Structures are given as structure tokens and as C-alpha cells.
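A.B. asks: The chain contents come next:
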Amino acid sequence: MNGFTLAFSEALALLIGFDHRVAEIVLLSLQVSGLAVCLGTLVGLPLGACLGVGRFPGRQVLVVILNGCMGLPSVVVGVVVYLALSRSGPLGELGLLYSPSAMVIAQTLLVVPLMAAIARQTVEDAWREYEEELTAMRFRWFDSVRVLLHDCRHSLMVAVLAGLGRAMSEVGAVMIVGGNIDRSTRTMTTAIALETSKGDLPLAVALGLVLLAVILLLNGLAYGLRLWAMRRYA
Amino acid sequence: MHTPADVPMFPLRIHDLHWHAGGRAVLDGFSLELGGEGITILLGPNGAGKSVFLRSVCGLLQPDAGHFDWGGGPRPEFGVTMVFQQPKMLRDSVQANVELALRPLRVAAGERRARAQAVLERVGLAHRAGDSARGLSGGERQRLALARAWITRPRLLLLDEPTASLDPSSVDAIERIVREIRTEGTRILMTTHNLGQAMRLADDVVFIDAGRVCEHAPVQRFFARPASTAARLYIQGELPWRMAF
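Chains as they are written, first to last, in our numbering: chain A, 1 to 234; chain B, 1 to 245.
Think of the hints as simulated: they come from the structure by calculation, not from any bench. Since the structure is predicted, the reported quantities are computational estimates derived from the model, not experimental observations. Watch out, some of these pointers could steer you wrong.
[Said to hold, decoys possible] Distance ranges between label pairs, derived from CB positions:
no.: 1; chain 1: B; residue 1: G66; chain 2: A; residue 2: L225; range: 44 to 54 angstroms
no.: 2; chain 1: B; residue 1: G73; chain 2: A; residue 2: L94; range: 49 to 59 angstroms
no.: 3; chain 1: A; residue 1: F56; chain 2: B; residue 2: G130; range: 50 to 60 angstroms
no.: 4; chain 1: B; residue 1: R232; chain 2: A; residue 2: R59; range: 49 to 59 angstroms
no.: 5; chain 1: B; residue 1: R13; chain 2: A; residue 2: L225; range: 20 to 30 angstroms
no.: 6; chain 1: A; residue 1: R226; chain 2: B; residue 2: R225; range: 51 to 61 angstroms
no.: 7; chain 1: A; residue 1: R226; chain 2: B; residue 2: A21; range: 48 to 58 angstroms
[Said to hold, decoys possible] What the simulated footprint calls covered on chain A by chain B, stretch by stretch (three residues with Cβ under 8 angstroms from a Cβ of chain B suffice, anywhere in the stretch; the number is not a length):
no.: 8; stretch: 125 to 135
no.: 9; stretch: 191 to 199
no.: 10; stretch: 220 to 233
No residue lacks a Cβ here, since even glycine has one placed at the ideal position from N, Cα and C.
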């Protein structure tokens with residue numbers, strides 16, 4: 001049996017045996033990324049929708065900046081959050097560095113621009129379609145944002161999934177602000193990086209398989225939801 | 001919270017509107033006075049400026065020059081609404097689409113539901129209240145758009161070719177609803193290319209050509225003795241060809 005096959009078979013054994021190390025890491029990853037995406041949804045989607053509907057001086061500059069931030073390097077975000085949360089930083093007194101909360105902050109900062117940019121494009125397209133109707137009904141722009149966020153709810157699943165994908169696959173920022181501490185801040189991605197460097201390939205492969213499975217499952221659910229919505233709402 | 005009946009809106013005096021698009025004068029000295037009752041049909045060839053005029057009355061576009069005098073005052077916040085040739089429906093139920101129009105008026109949810117059910121009954125769509133609005137046929141969709149306007153109890157309703165591309169039975173249903181809305185005291189301003197429809201519905205006709213009013217007359221007189229050459233040619237079916245070539 002070669003190394004590749006051996007790593008896979010041992011990884012499957014870890015998963016089938018419901019290894020507690022794997023379970024702990026997976027649970028923490030889901031908690032951190034899930035919370036970051038929830039916060040990203042609360043902030044990013046309305047922010048993007050406001051930019052999609054609002055017409056004000058400087059809007060186009062904001063759109064360019066937002067689109068640019070979609071590719072924000074995660075290590076840069078990690079360093080910025082690290083400096084903010086470090087003992088001498090402006091938020092040092094909170095004592096959040098090397099905690100899951102710090103990881104949530106970093107991941108939220110990473111997913112908000114991505115989700116907002118996708119939401120902006122989606123809602124702006126819808127606004128072009130509905131602008132005359134909503135204006136004739138005397139909707140104010142903020143009420144129009146609410147209507148369009150609801151109307152685009154199924155399309156905006158793409159933004160949420162993109163945010164979740166970015167959060168769950170992210171390594172650099174959570175490594176810097178979380179410290180990859182065993183049983184405290186070790187996520188699937190940081191554990192995979194560490195275990196691979198240590199040569200513990202079965203654990204790395206097992207975590208990789210779980211990561212892939214989670215992302216595939218969520219994408220499958222979102223795809224099913226979109227199919228249902230297309231049939232339901234023509 | 002819709003415009004109270006005592007807020008003056010009529011007579012609506014429109015003075016010397018000008019609006020340009022792509023270097024062309026779409027409205028070119030458009031003036032008109034409308035009283036507070038009845039159905040006025042706007043007739044005119046394609047590109048005459050009918051739809052642009054309706055949009056300017058609705059406040060959807062600002063003319064380059066000219067002004068509106070709403071019964072001696074400014075445009076009221078509510079009380080004017082518009083139904084478009086191709087109305088857009090939200091990805092939601094028929095009922096939700098009708099209730100939507102009451103949200104800017106801050107009507108309570110219970111009253112929204114009750115009023116939506118009542119108006120859907122009147123346009124013959126009560127049995128489809130729970131269906132997706134985007135699954136409706138063209139005629140049903142237009143009836144839904146009328147219901148969405150009617151539910152707000154507008155003082156002035158603007159209809160932009162509401163029966164274009166509809167079959168005769170759908171046209172008949174729309175005309176019946178338009179008459180009912182008018183009976184309840186709503187002033188209606190409507191564009192159409194259907195001369196038979198204009199004769200059936202109109203109290204008076206405004207004929208528009210090249211962005212200005214050529215003629216404004218009671219319906220019988222307009223069709224029996226059109227005062228302008230442009231209107232006479234249009235009625236005879238010649239003007240559209242002249243415009244096209």
C-alpha cells in the first residue's frame with residue numbers, strides 16, 4: 001500500500017471511528033465560520049443592497065473599493081486584526097487575541113466585502129427592473145432596499161455561500177489571530193496545514209474530506225433551494 | 001395615510017413641458033389642463049411622447065423645463081400612481097404583490113390583507129391569491145397591476161397602454177375594471193393605440209404629436225370632427241405610415 005492510499009484509508013478510519021480530535025476541530029471550524037458568515041450576512045447584504053439602490057456622490061468610488069476588497073489578502077486582514085487586538089493595540093484591553101472571537105472578527109472582515117459586492121450587483125440588477133414600479137408606488141429608497149433584499153433572497157444565497165466558502169477555506173488570518181492552539185483555536189484549515197507539515201497525513205486528509213463534504217453539502221442545499229424557488233415563483 | 005380628499009389635486013395644469021433625450025425633443029412645449037373627473041385617453045403615433053408625458057406626471061422623470069400646478073399647489077406625496085405596459089411582479093404570491101402597494105402608506109398588516117383580498121375579488125383574481133404572481137398570464141398580470149394600483153385608492157391613475165398585446169377577452173376585463181375604478185371617483189389618464197377602446201372608455205381625448213398637444217376634445221367630437229390634420233390622418237390610419245417613412 002503506497003503512502004497516498006495509506007493516508008486515505010487511515011483518514012476514513014478516523015472518520016468512521018468518529019475521532020474526537022477531528023470532531024472538536026470540525027465543530028470549532030463550523031462555529032467560527034458560521035458566526036462570521038451570519039455577521040457577514042447581517043452587515044454585507046444590506047450594505048451591498050444600499051449601494052445597489054442608493055444614488056449619492058462617491059457611490060462609484062465605493063463600488064470600486066468594495067469590488068477591490070473581494071480579493072483582500074487574508075494575511076493582511078490577519079495582521080491588521082492582530083495589531084488591533086494585540087496588547088498595545090486599540091482593542092487590546094478586550095483580551096481577544098488567540099481566541100475564537102478574534103478568528104470570527106478576522107473572518108467577518110474577509111467575508112463582508114465579498115458578500116456585499118455580490119449583493120450589490122444582484123440588487124442593482126433587480127433595481128433596474130423594479131425602479132419605476134417602486135418609485136410610482138412612492139417607496140423610499142430604504143424601503144426599496146428591504147423589498148429588493150426579500151425579492152432577491154434566493155439569488156443572494158450565492159453571496160452567503162461564497163462567504164461561507166471563503167471563511168471555511170481561509171488559513172492565513174485565523175492562523176495569525178487564533179494562533180492555531182490545540183483544543184482552543186485550531187480549525188480544519190490550520191490543522192490541515194500543521195498536520196501536513198508534521199507528516200500526520202491521515203488526520204490532514206480526514207479533515208480535508210470533512211471540509212469538502214461540508215462545502216458540497218451546503219452547495220447542494222443551496223442548489224436545491226434555488227430549483228424549488230424557480231419552480232415556486234416562476 | 002393616502003392623499004386625503006381635501007388635498008387639492010385638480011385642476012391639474014401642465015405648463016409648457018420640455019424634455020430631451022438623445023438630442024431629440026420628446027416633449028416640446030406640452031401643455032394641458034385636466035379636470036377632476038372622467039377618463040382622458042392620450043392618442044398619438046409611436047414616439048409622440050405619450051409615455052414620457054405619463055412618467056413626468058407620475059414624477060418618474062423631471063422635465064427639462066415647464067411645471068405642474070396641482071390644484072394650485074405642489075405635487076401631493078401620495079394619490080398618483082401608474083400602471084405600466086409590462087408591469088413587473090415580485091417573486092412572491094399574488095396577494096403579497098397587491099399588499100406591497102400599501103406599504104409606503106404605512107397601512108397595518110391586518111388591513112393590508114383585508115383590502116388585498118377585497119380588491120383581488122373585484123379583479124377576479126381572488127382564487128389565485130396564493131399563486132406566484134410571475135406565473136400569471138399576460139391578462140391576469142395586468143389585472144393584478146390594476147389591483148395593485150386600485151388598492152391605494154388613487155386620486156389620479158395613469159395607465160400606459162394597459163391592454164397592449166392582450167386578447168379580446170382580457171381587453172374586455174381590463175376595460176371593465178377601468179370603468180369601475182373611474183366610478184369610484186379616480187381620475188384616469190390612459191394611453192392606447194386602440195381607437196375602439198378610446199371610443200368605449202374616453203370622456204375626452206388628447207391627441208399628441210411630436211411632443212405637444214395637437215388637440216384636446218370630447219370623445220364624440222374628436223372622432224366625428226377632428227380639428228387637426230394630424231389627428232384626422234391618425235384616425236384614418238395614415239399618420240403612423242407617414243411617421244415611419
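A.B. asks: Can the suggested window of 48 to 58 angstroms be confirmed for the beta-carbon pair R226/A and A21/B?
C.D. replies: violated, 38 angstroms
A.B. asks: Using the Cβ atoms, figure out if G66/B sits within 44 to 54 angstroms of L225/A.
C.D. replies: Given about 50 angstroms between the Cβ atoms, the range holds.
A.B. asks: So is the stretch 191 to 199 of chain A in contact with chain B by the C-beta rule, three or more residues under 8 angstroms, or is the coverage claim wrong?
C.D. replies: violated (count 0)
A.B. asks: Okay, R226/A versus R225/B on CB: inside 51 to 61 angstroms?
C.D. replies: holds, 60 angstroms
A.B. asks: Could you check the hint for me, namely that G73/B and L94/A are 49 to 59 angstroms apart, CB to CB?
C.D. replies: Cβ of G73/B to Cβ of L94/A: about 57 angstroms, so the range 49 to 59 angstroms holds.
A.B. asks: Has the hinted range 50 to 60 angstroms been met by the Cβ atoms of F56/A and G130/B?
C.D. replies: Once the Cβ atoms are compared, 39 angstroms apart, the range 50 to 60 angstroms for G130/B and F56/A is violated.
A.B. asks: Using the beta carbons of R13/B and L225/A, state whether their distance is inside 20 to 30 angstroms or not.
C.D. replies: Cβ of R13/B to Cβ of L225/A: about 53 angstroms, so the range 20 to 30 angstroms is violated.
A.B. asks: Quick one: are R232/B and R59/A within 49 to 59 angstroms, going by C-beta?
C.D. replies: holds, 50 angstroms
A.B. asks: Can the stretch 125 to 135 of chain A be counted as covered by chain B under the rule of three residues or more with Cβ-Cβ separation shorter than 8 angstroms?
C.D. replies: Answer holds; 5 residues pass the 8 angstroms Cβ test.
A.B. asks: Given as covered by chain B, does the stretch 220 to 233 of chain A meet the bar of three residues or more with CB within less than 8 angstroms?
C.D. replies: Answer holds; 3 residues pass the 8 angstroms Cβ test.
In this structure, the earlier hints numbered 3, 5, 7 and 9 are contradicted, and the remaining ones agree with it.
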